[in-house]
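**Q** Single-letter residue listing:
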Amino acid sequence: MKSVRRLARRMLSWASGAGDEQILQAEIDDHIERQTAENIRAGLSPDDARRQALLKFGNVQAVKDSYRDQKGFPAIDALTRDVRYALRRLRMAPAFTASTVLTLALGIGATTSIFSLVDAVLLKSLPVADPATLYRLGRESHCCYLGGFSQKDEWSVVSYDLYKHFRDNTNGFAELAAFQDSTPIYGVRRAGDSTPAQVYPGEFVSGNYFSVFGVGAYAGRVLTQSDDQPNAPPVAVMSYRLWQERYASDPGLIGSVFMLDEKPFTIVGISPAGFFGDTLRNPPPDFFLPLNTEPYLDAEADLRLPFQHWLELIGRVQPGANPQAIEAQMRVNLKQWLQAHWGEMNANDRARFPEQTLYLAPGGAGITSMREQYERWLQILMMASGFVLLVVCANVANLMLVRGLERRRQYSLSRALGAPLSRVLRAPLAESLVLSLIGGLVGLPIAFATTRLIVQLAFPTFPGIGAVPIDASPSMPVLLFAFVVSLATGLVFGLAPAWMAARVDPMEALRGSSRSTSRAGSLSRKSLVVVQTAFSLVLLTTAGLLTASFEQLEHQNFGFEQNGRLVANINPRLAGYRADQLSLLYRRIRESIAVIPGVGSVALSLYAPPVAGWGSGVWADGHPAPSPREDNSSSWNRITPGYLEALAIPVLRGRNISERDTSNSPKVAIVNESFARKFFRDENPLGKRFGPRATMSREFQIVGVVKDARYFTTRGRGQATPAMYFTPEAQADYAQSAGALFLHDIVIAGKPGVTVSPSSVLQAIASVDTNLPVISIRTLREQVATQFTQPQLIARLTSFFGILSLLLAVIGLYGVTAFNAGSRTGEIGVRMALGANRSNIVRLVLKGSFALICCGVVIGLPLTLLASQLLTSQLYGANPYNPAVILAAIMALVLSVLAASLIPAIRASLVTPMNVLRAE
Amino acid sequence: MKESDVRQGTLALMVLKTLDVLGPQHGYGIARRIEQISGDLLTVNQGTLYPVLLKLMQEGSIAAEWGASENNRKARFYRLTRQGRKQLQTETRNWEQTAAIIERFFSAKAQDLE
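As given, the protein sequences belong to chains R and U, one line each in that order. So the first sequence is numbered by this note's numbering: it starts at 1 and just counts up by one. So the second sequence is numbered by this note's numbering: it starts at 1 and just counts up by one.
These are calculated hints, taken from the structure and not from any lab test. Just so we're clear, the structure is a prediction, and the values are computed from it rather than from any experiment. Accuracy of the hints is not assured; some may be wrong.
Only part of the chain U face toward chain R is listed, based on derived beta-carbon distances under 10 Å [unchecked claim]:
| no. | residue |
| --- | --- |
| 1 | Pro24 |
| 2 | Gly29 |
| 3 | Leu49 |
All residues carry an ideal CB built from backbone N, CA and C; glycine is no exception.
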C-alpha cells in the first residue's frame with residue numbers, strides 16, 4: 001500500500017514539475033542560514049560560521065540530485081531530455097535532417113505500402129463473425145464448373161445433390177452453406193423502369209449462407225432457408241455498395257421488384273457495408289440469390305444435375321468439434337454418394353474412384369483464389385521493399401557516422417570525465433530513433449497514397465461495377481507495422497554511430513588531435529557502401545529479369561494479329577433472347593457491322609482471345625478410348641464464318657468453315673495443329689472424326705487444320721499451346737450445354753491501314769437491337785494486354801525499387817568517396833608536390849571506389865543468383881540466369897557509381913599542394 | 001542491505017519520533033535534534049535529511065506547510081500525521097521486539113543453546 005501511495009505521489013510531483021525545486025532551494029538556504037547563525041552564536045566569525053555550516057550540510061548538489069531522483073520518474077525525465085536534445089541538434093542541421101527524413105520516409109513508406117497490401121490480401125479475415133470456426137472444402141480453388149464423378153487431387157466444387165448429401169449427413173458442422181464459385185453477370189433493371197438494363201455480378205448462395213457467416217442485413221433482411229426452397233417466391237439481397245452508389249441508399253428499394261435477365265426478383269434486404277462475400281475477388285457480387293432460383297434464371301438448371309459441380313462449401317463447425325474427424329466423415333460421405341451414382345459413372349470415373357478424396361481447410365480467410373494468385377507477387381514485393389529499406393538504413397547509417405565523427409572529441413571528453421558508456425550512447429541512439437520515427441510518420445501518407453495507386457493500377461475497374469474490396473485505408477496492423485519498422489530502422493542505423501562512439505579512446509581527447517580519421521571509422525563506412533552496392537545489384541537484376549520476362553510475354557508471337565482489331569463483348573441472354581432467336585441475331589449483327597466503311601471482316605465467337613474457350617473431352621473415332629490417366633482435354637470455341645480471317649489465323653490444311661456449313665449439312669469442325677498432334681499424331685487429320693463424349697466419337701468431321709495461336713487459360717501461361725477445335729455457330733450443338741449457344745464476343749477487323757471506330761460499331765449493333773447491352777468494346781491489343789496488368793505492374797514496381805536503391809547506393813558512394821578524399825588532402829598534397837599530376841590523383845581516388853564496387857558486386861552476385869532461383873516460377877519461362885540481364889545490371893551499377901565518384905576525384909585533384917602543405 | 005538503506009530507515013524513524021516529541025518542526029530543527037541525540041551519526045551530512053523528509057511525505061507519514069518560525073522567518077514546517085503516528089507505533093514495537101530477541105541471544109550461555 002505504501003509503495004502504491006508513493007507511486008501516486010511521485011506521479012503527482014512529476015506532473016507538478018519544477019516548482020518543487022525552488023522550495024527545496026529555499027529550505028536548504030534557510031537551513032544553512034540557521035546553522036550559520038548558530039555558529040556565530042557559538043563564537044565563530046561570520047565567514048567561518050558560514051563555511052562550517054556548509055561543510056556540515058554536506059554536498060548540496062548531491063542532496064538535490066538525491067531529492068530529484070525520488071521525485072517523479074527519473075527515467076522518463078532522462079528520456080524527455082534526450083529527445084529534446086536530439087530535436088535541438090537536428091534543428092541545427094536542417095539539410096541533413098531533411099534529406100535523412102526524406103530517405104527514411106521513402107524506405108519506410110514503400111515497405112509499409114507493400115505490407116498493407118499483404119495485410120489486405122493475405123492476412124485479413126473475412127468481415128464475418130468468428131472466422132476461426134469456419135472451414136471450407138478444398139485446399140486450393142479449382143474454379144469453376146466441373147462435370148462428372150471424379151476430381152483430380154481433391155474434391156473442391158460439388159453439385160447441389162452432393163451438397164445436400166453432405167449437409168444432411170455431416171453432423172460435425174453446425175451449419176453448412178454452399179455458394180457459386182463464380183459471379184456471372186446479369187442484366188439488371190428496376191421493374192417498371194424503361195432505362196436499358198445495366199450489368200452487375202450476382203452469386204447463387206444457399207439459404208443459410210448469411211447465418212453461417214453470422215452477418216445480418218444492413219437494412220431489410222437476409223436470405224433464410226425458407227427462401228431457398230423449390231417453389232419459394234424469388235427474392236434477392238443487394239450489396240451495400242450498389243445500394244449506396246447507384247440508388248443513393250433509397251430505403252424504398254427494399255421490397256421492390258428488380259428484373260434480373262428479365263426475371264422478377266423481390267429485393268428483401270441489403271447486405272452489410274464491407275461484406276463482400278466469401279472470396280476476395282474482382283468484382284465482388286452485387287446480388288445474392290437463393291440457390292433454388294437458379295433453374296428460374298438458367299433454363300439449363302445446373303441445380304438439378306447431380307454431375308454438374310459448381311458450388312463451393314463453407315461451414316461453421318460445432319463448438320469443440322474436431323475438423324479432422326469431420327473431414328474423415330465427409331470422405332466417407334463422398335464415397336457413399338459416388339457409390340449411389342455408380343450407374344451414371346463412366347469407365348474413367350469408376351477407375352478413379354479409389355483416389356477420390358477431399359480436404360477441409362480453415363475458411364476464416366475466405367476462398368483463396370486471389371490469395372494464391374498474388375501470394376508469390378506479394379512475397380517478392382515484400383522482399384524487394386525490405387532490401388530497399390536496408391539500403392536506406394545503410395545510407396542513413398553512413399550519414400550518421402559522419403556526424404558522429406564530428407563529435408568524437410565530445411564523446412572522448414565525456415568518457416574521460418567519467419561518463420558511463422550508457423550515458424554517452426544515449427544521445428546518438430536517441431537522435432537515430434527520433435529521426436526514424438519522424439521518417440516513419442512522414443512515410444505514412446506516402447505509403448497510403450502508394451497503396452491506393454497500386455490497387456488502382458493492378459485491378460482496373462469498369463465504371464459502375466464494384467472495385468476489388470481491398471481496403472487501403474489506415475488500419476491498426478499497418479500503423480503498428482510502420483511504427484515497429486521505424487523503430488527497428490532507427491536501431492539498425494543508429495547502432496553504427498553509437499558503436500563508433502563507444503569505441504572512442506578517452507586519450508584522444510586529452511591529446512587534442514583533430515586529425516583523427518581512424519581506420520576503423522572508414523572501414524565501417526566502406527563496408528556499408530559495399531552492402532548497399534550488393535543489395536542494389538540484387539534489386540536491379542530482379543527488376544531486369546521481371547521486365548525482360550514481361551516484355552517477352554507482351555511481344556511473343558501470339559499466332560494471331562492484334563493490330564487494328566476491335567472486340568465487342570455482348571450477352572444476348574441479358575436482353576432476353578431465346579436460343580432459337582440467336583442465329584438470326586448473329587447474322588443481322590454481322591451484316592450490320594460489315595457495311596461500316598473500313599471493316600474488313602467481322603465474326604462472332606463464344607470467346608475471343610485471350611480466353612481460350614470452354615474445356616471439353618475428346619474421343620477420337622477409330623482410336624482406343626483414353627485411359628483414366630490420359631489427358632484427353634481440349635479447348636473449343638464456336639465461331640461464325642469470318643473469325644479466322646478476322647484474326648488472321650492461317651488455315652494450313654483443308655478449308656475454313658463457311659456459309660455452306662448450315663444446320664442441315666454434316667457437322668464439321670476445324671482443329672489446330674496441337675489438336676492434330678495430340679489426338680492424331682502423324683496421321684492426316686482431315687476427314688477423321690471425333691466427339692465430345694465416348695458415345696459420340698463420330699460427331700464432328702475434321703475439315704481443316706489451322707495454325708496454333710496462343711491463348712491463355714488461368715493456368716496455362718508459358719506452357720505449350722493447348723489443343724483447340726472450332727465448330728460453326730450455325731450447327732447448333734444441343735448435346736453440348738445450351739449456354740454455348742450464346743456467343744459473347746464480336747471480333748471486327750479493319751481493312752489494312754484502317755481503324756474502325758468503336759462508336760460506329762456500337763451504332764451498328766444498336767441498329768439491330770437497341771436493347772442489346774454492349775458490355776465493353778476495346779481493341780484486341782488492350783484485351784490481350786489485360787492479362788499482363790499484374791506482371792507489368794510488378795515489373796514496374798521492382799524497377800522503381802531497383803532505381804531507388806541504385807540512387808541511394810550512388811549517393812552513399814559519393815559521400816564516402818568525398819569524405820575519404822577530403823581527409824586525404826594532406827597525402828594528396830604531398831603526392832602532388834612530389835610530382836603526381838591530376839590524372840594520377842583522379843585514378844588514385846577512383847581506384848578506391850572501384851575496389852568498393854568490386855567487393856559489392858562479388859558479394860552481391862551469389863545473392864543475385866539465389867534471388868533469381870526463387871523468381872523462376874514467376875518468370876513465365878524466361879531464363880532466370882539470363883546473362884545479358886545480369887551483365888546489364890552490373891554495368892549500370894558500375895557506371896553510375898563510377899560517375900558518382902568522379903566528382904570528388906576531380907575535386908581532390910584540384911587541390912593545390914602549397915595550401916595543403918601550409919596547413920600541415 | 002546497503003549502509004545507506006539502513007541509515008535511511010533509521011533516519012526516517014528518528015524523524016518521526018522527533019516530530020512526535022517536539023511537535024511540528026522545520027528541517028533545521030529536526031536535524032539539530034537528531035544530531036543532539038544520535039551523536040556523530042549525522043554530524044557531517046545534514047543534507048541527507050531532506051530526501052528522507054520527501055520520502056516520508058510521499059508515504060503520507062508527515063505533512064508540510066509554510067509557517068513563521070521563532071524569529072518570524074518564513075520556514076517550512078513538518079508535522080506528524082495520524083498515519084505517521086500509527087507507523088511510529090508499529091515501527092517502535094518492531095524495534096523493541098528485535099532488540100529483545102537479540103538481547104536474549106547475547107545473554108544466552110553455551111548450555112542454553114544445546
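**Q** Work down the list of hints and note, for each, if the structure agrees.
**A** Hint check:
Interface restraint check for Pro24 (chain U): the shortest CB-CB distance to chain R comes to about 15 Å, outside 10 Å, so the restraint is violated. Among the interface hints, the one on Gly29 (chain U) holds; its C-beta lies about 8 Å from the nearest C-beta in chain R, closer than the 10 Å criterion. A cut of 10 Å between beta carbons decides the hint on Leu49 (chain U): the least distance to chain R is about 9 Å, and the hint holds.
Of the numbered hints stated above, the single one contradicted by the structure is hint 1.
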